[in-house]
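Asker: Chains as they are written, first to last, in the numbering used here: chain A, 293 to 728; chain B, 293 to 728; chain C, 293 to 728; chain D, 293 to 728.
No lab work stands behind these hints, which were simulated from the structure alone.
As the structure is a computational prediction, the values presented were derived from the model and not from experiment.
Any given hint might turn out to be false.
Pairs involving identical chains hold if they fit within one copy or between any two copies, as the list cannot separate such chains.
Claimed, not checked - Straight-line Cα separation of at most 16 Å, EDC-like style, residue types lysine to aspartate or glutamate; simulated pairs:
1) Lys377 / Asp363
2) Lys377 / Asp365
3) Lys464 / Glu501
4) Lys420 / Glu385
5) Lys687 / Glu519
6) Lys377 / Asp417
7) Lys420 / Asp639
8) Lys343 / Asp417
9) Lys372 / Asp640
10) Lys614 / Asp639
Number of protein chains: 4
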Amino acid sequence: MILTSLFQRSGKARTAAALKDLQQLCIRLLSEAGTANSAAIASEVIAAYTKLAPESRFAFFEFLDTALAPDSDRVLRAAKAYAEKPDAERVLELQRVVEPPRQELLRRINRAPGGTSAIISMRRDLLKALREEPRMRAVDSDFCHLLGSWFNPGFLDLQQVDWGSPAALLEKIIDHEAVHAITDWTDLRRRLQPDRRCFAFFHPQLPGEPLIFVEVALVHAIPRSIEQLIRVAAAKEDAVPPRVAAFYSISNCEPGLRGVSLGNFLIKRVAQELKAEMPMLKRFCTLSPIPGLRAWLGGLDAASLPETWPAKLRNRLAGALKELRSRYGDDLSGIADAAGARSLPGDDQARLAQCAAVFLARVSVTPQGDPVARFHLDNGARLERVNIGADVSEKGLRESFGVMVNYLYDLTSIESNHERYVHGEVVSSRQIGGMT
Amino acid sequence: MILTSLFQRSGKARTAAALKDLQQLCIRLLSEAGTANSAAIASEVIAAYTKLAPESRFAFFEFLDTALAPDSDRVLRAAKAYAEKPDAERVLELQRVVEPPRQELLRRINRAPGGTSAIISMRRDLLKALREEPRMRAVDSDFCHLLGSWFNPGFLDLQQVDWGSPAALLEKIIDHEAVHAITDWTDLRRRLQPDRRCFAFFHPQLPGEPLIFVEVALVHAIPRSIEQLIRVAAAKEDAVPPRVAAFYSISNCEPGLRGVSLGNFLIKRVAQELKAEMPMLKRFCTLSPIPGLRAWLGGLDAASLPETWPAKLRNRLAGALKELRSRYGDDLSGIADAAGARSLPGDDQARLAQCAAVFLARVSVTPQGDPVARFHLDNGARLERVNIGADVSEKGLRESFGVMVNYLYDLTSIESNHERYVHGEVVSSRQIGGMT
Amino acid sequence: MILTSLFQRSGKARTAAALKDLQQLCIRLLSEAGTANSAAIASEVIAAYTKLAPESRFAFFEFLDTALAPDSDRVLRAAKAYAEKPDAERVLELQRVVEPPRQELLRRINRAPGGTSAIISMRRDLLKALREEPRMRAVDSDFCHLLGSWFNPGFLDLQQVDWGSPAALLEKIIDHEAVHAITDWTDLRRRLQPDRRCFAFFHPQLPGEPLIFVEVALVHAIPRSIEQLIRVAAAKEDAVPPRVAAFYSISNCEPGLRGVSLGNFLIKRVAQELKAEMPMLKRFCTLSPIPGLRAWLGGLDAASLPETWPAKLRNRLAGALKELRSRYGDDLSGIADAAGARSLPGDDQARLAQCAAVFLARVSVTPQGDPVARFHLDNGARLERVNIGADVSEKGLRESFGVMVNYLYDLTSIESNHERYVHGEVVSSRQIGGMT
Amino acid sequence: MILTSLFQRSGKARTAAALKDLQQLCIRLLSEAGTANSAAIASEVIAAYTKLAPESRFAFFEFLDTALAPDSDRVLRAAKAYAEKPDAERVLELQRVVEPPRQELLRRINRAPGGTSAIISMRRDLLKALREEPRMRAVDSDFCHLLGSWFNPGFLDLQQVDWGSPAALLEKIIDHEAVHAITDWTDLRRRLQPDRRCFAFFHPQLPGEPLIFVEVALVHAIPRSIEQLIRVAAAKEDAVPPRVAAFYSISNCEPGLRGVSLGNFLIKRVAQELKAEMPMLKRFCTLSPIPGLRAWLGGLDAASLPETWPAKLRNRLAGALKELRSRYGDDLSGIADAAGARSLPGDDQARLAQCAAVFLARVSVTPQGDPVARFHLDNGARLERVNIGADVSEKGLRESFGVMVNYLYDLTSIESNHERYVHGEVVSSRQIGGMT
């Protein structure tokens, strides 16, 4: 239904003609003749796509999917030949026939001025289409593959964003902050003062367009609550130099780059940059939300905890849950009220911390785990500390009863942490370990 | 033999250990664990490669060729599955198994600072190895494929090079000028005066490193000789604005990018740039060498001209050749002397022009044709005019009896010219047409 | 009294010692020995001044006034010698002895890094002192003389300020807007949209510090009200190109540069810049406040109008005033209410316009005239049109009953307009002429 | 005679008319009316001056000298008034009438685009005129006064010049090197390698135009010969960091700024810059020519040495001179030959060193002293060491028998050294002290 409204097959001749024109331009761009004039034709392709009615865009992606797919007969012949004799000649032929022609089409579109930007914009449309029509996955894979190669971190510029940055750029930071909303320019300014930092990745072809950015607080200890980091207050001159860099927000700006790894590189590059500037920094950590906590805990059935978990742990968890439900309701919604009012008793805080720790340390290795946890743990971070009452904003209470978590980035153990995570183990601090 | 000297299999344990270390680093970089720390490992790979003895580099490329090639069994299975049912799932699986793991290795190496530069430098070594060992073609194809994607013209910056450019850049221009050598800074300066232009392509990751550059003369008519363009003389103020932009030299600076198309894009971008700056420019042409002319003409056997050529043309050519040989020797070397002394009689000039015109108009469609001609014709240029005595430098006489040629770039017919060339036809001016 | 509070002669030895140190540093900087190390000593002078208590600063200026003044005996001798024989030698000697040593002191302070900024800051303090103690005028004259030479428009950079400018700069624009306050960033942004312009003068030694800026609206006709220029609304794409550039706000940012002409140069440079960019612009005008109008009109005694004015005009004015006072009170405050409510009858509008026109056209040639009028008329502008109800903001009603005025900058008649103004004549449009 | 040829009073009416036009433009620029349009009129003045025939320029300077001089009657009146009562009012009036109107003229010319450059160019002409006509000194003093204020070191940018600098800038360095000529780009490049530095002062109004530059060698000990510093040789990687920065050449680029102090500031700024970059630098010295040595020593009459010198010293000097003359001729020209051939016996080297030391330590306090010595000593440097055979180039032998000298810049004693020099005493090392 929604699909229909999004991509109505208009019967109008005009629409059909526009689509046909675009397809012919694409074929011309891919043709032998087109190679001599590709930048000019590519510009025409971009213009034609831009003018295309939204509902025709879906049809265009269908064209990419079917008309510009690999030829299965040739693929099979080439695969057989390679299996018989895997020499240079045959592997090259194989690669040639397996690569969908639409990849070369995208490479040629990229030759036009503004080509990269146009391709990202096509991908945005494609991602919408994909939601409705999963068979577009093959087309999307080609976009993703090329964008991943072009937005390789080796090609990205890391730039610090501060109060001397262009207003047009800062406005984008305000608009795209996805974790702890920036309400206005005063709020932004607080996050750009000397004890705060903001870094973004840029691509040379998209100047002034941040792709992803991270906000960092330079503090004295691993932070326990978000309020202390983002409240608007004059940064006071501090005699003691900071020892901890806390990443408290990381936001993507470009939906058309979904699936292209940027965040993990950004965190590590920024950590290196800060370490080089301030050798006195001893620890790099995050203060992160747990957006999946409340949904998981609210719906948790203590009877069906995985048998692979230690019985003792399961019992403890079931007990905690029972206690909490008796006081805060079956869906535990009362916890949010109490946490918001800062009136959660110490014992219940401990119970809540226990539940959150288990969620992070045991569920995050499964696809049902918290997405933020999965991102950082896959990145090689260590699960460090659970903080109760750390984010009492409406969103923080709604999503996670106000609980936040610190992940620790220890550059020397990133690689082994990541490997253990891939094999199903979450590396945690002793404190978390004791609870899980 | 040369191979041996280049890549001596040293029995030394040290060399073998260094190679093994590098291979293990590569495997680690490609491994699951490596993904969390790839930029750091990539830097180690680059350092290890740089320290590798030249003779071990060949062994490293062998490792890429064999250990990091596609798995033929999996390829065959995936190809059969795709042939049965060509859906998104299966085409993706097919692409996944066909892509050699060394491609992903290169993409990850590129994540390190200086990664792009390191990969180009590897490719330079690889091209040397390839001369000796053609089976490396598959490995080279992967390098070429990725570099082609990364050095897509859409990612390149066109910059004008002039007397305000850094000396370090100008020095590279002097060093890499491949067509008409720049003898010193005075010579260079003449080529950067207001009636001359120089443009180069740069990649954002390689600042200050021109990849390819072109030199242009702004003149009043299609030029007949190179001397008028490059001799050192004060550019005189000219009341009449120029009407012709003549490309008289195009040089690649980076051997590691061989096979990556840059020249064709550069010429067209520069033509657009100049047209935008000086709308009074009416024609864009070249004054180009014909480096293959003397070798072809000297060894030409009039009896074995292709039967597909008109008999009349063959007769005329045979007659001209006979006349010339009677006067200038079997190998025609006397022509170079006479042309150098500017004492070639008018009739013999016409005969030489006829031969050159045929060489360009008829042989250039075959792989035996002149490489410069094949470049411009494939680019969509038109064969415009043959110029006798146009380059009487030692090199000009040695390679082409001093003959040069103009190719004309008419932006409106590039596409059709190219297509006709691809189908075996050279588009020429009426003058050339009459001779061929 | 206020003076006492500002510059209390503290009995404290510490303060006296600090002052003495500074004076000795100044003498050392001026001494022969100091010339070899002046930049370093100058930095010490700046540091010592900065640390000086506010009340000691006055004493420091007294020191400049008395200890570093010209020596009257030597001045007289030199003047006599010059009168006897005005040759090169003697004029030089005369100049040498007449120049107060404090000028050379300031020039040497300027050699330190940050010297210019320090001198401007001293001048800010001096201007405060001057309010209390007019005899500091001689010292201030030296500051003003040197700053005028250093901030010569030939040394200033004109830069456009737009949404791509650094936020730190835009914040200064918001803070210093003196005519029509910018309430927030949204308000600012409206003034930086494509149909609005903002230009500022910068000095190379004070990067990022706008000295003065002007805001311009690109419109179709000479504007009648400020609201149409500054209200926050999306700028609509306009098919018709603008024909009029209206300067609607000009603000100084640096009080320490009072008396240094910047505004007149800025307006003319911006007009040239805009004309070069948009040759279709036909007229350059202002929409200006009349801050002195209400005070003048409210207190006007019709009986004592200058006898030099035509009797007819005096009668007309007296009549209008009487009418207005009968309806709006002796102090005319009712006009502000009526204008604010947009309920001023047409006849009274005409009367008010008549009064404003006379004020601008006749009183502006006297020191009692409106300061904004005197600025623009002295600049060579023409008095163009009086606009009733043009600024109904609280400030606009309070200062000028909401009346505003357009001045016209016609680059070809600036010089003669200025000259006529200097001789006591205001050049006006026919409309204004008819009323005055 | 030369004067006549330079400034021939042409009878031609055209010339006279051009001059008169220029004078009227100047008067208009200075007039009341001109203030409203001064930038535009200033541009006209510049254009009119540029078109003026060289011989009329002299007449223009005469006009500045006479027509735009202070009014002697008003000067006298103001001086008397000030002598009676030296208050703010009267000192201001005095300054007003003493300042020649030509100063204000220059300030207004400076308002035009390119004004500063035009004024410097006028000064170049004026300096030529001054050679012939000393009474122009008063005019020149006004130019010099204003240029000194505008080219205050606080307004100058210090920039490092290296191989990444624009070729157009490097060419100016080659052209203006005044001490040890740079023969070509290879020679220049050697002076820009990592163990050499070049710094220049720039003015914001004259971008790309170095005003003065200094060349520095980073070495291990105070250098004894120029050859080791400038010979073209690959800079070898050096494990030991440099401890000495040796200034071996300082050259002015702009003759129009003669008399404006730049060199002394440049040396000290560069020393600070280098010290900040390389804290291991322990000493800052020069290796300087002694251009006046041979002329002084060749013509020295031992009988007429100043009686104020110690008798013992006079005797020693007379003895050395006699010995040297006996072997190398009365004019000592044989020394140059022997020094050039590196065959000067050790004893004669000692005698020559003695003479040079005395010349530098005793004669430099008089106007007859060596100009380079006077520059550095006045700057606060210490006379450190005389080096025989230090510059055996043709110029070095011709001017100073190949002798060079080191001056030492010790930032802590600059001020006192300068003061002692001003009072007639040259501060020297113990070694020099022992000889003088």
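Asker: Work down the list of hints and note, for each, if the structure agrees.
Answerer: So, going through the hints one by one against the coordinates:
{"no.": "1", "hint": "Lys377 / Asp363", "result": "between (21 Å within a copy, 12 Å between copies)"}
{"no.": "2", "hint": "Lys377 / Asp365", "result": "between (19 Å within a copy, 11 Å between copies)"}
{"no.": "3", "hint": "Lys464 / Glu501", "result": "within (8 Å within a copy, 25 Å between copies)"}
{"no.": "4", "hint": "Lys420 / Glu385", "result": "neither (34 Å within a copy, 23 Å between copies)"}
{"no.": "5", "hint": "Lys687 / Glu519", "result": "within (13 Å within a copy, 40 Å between copies)"}
{"no.": "6", "hint": "Lys377 / Asp417", "result": "neither (42 Å within a copy, 27 Å between copies)"}
{"no.": "7", "hint": "Lys420 / Asp639", "result": "neither (46 Å within a copy, 64 Å between copies)"}
{"no.": "8", "hint": "Lys343 / Asp417", "result": "within (13 Å within a copy, 47 Å between copies)"}
{"no.": "9", "hint": "Lys372 / Asp640", "result": "neither (65 Å within a copy, 59 Å between copies)"}
{"no.": "10", "hint": "Lys614 / Asp639", "result": "within (13 Å within a copy, 83 Å between copies)"}
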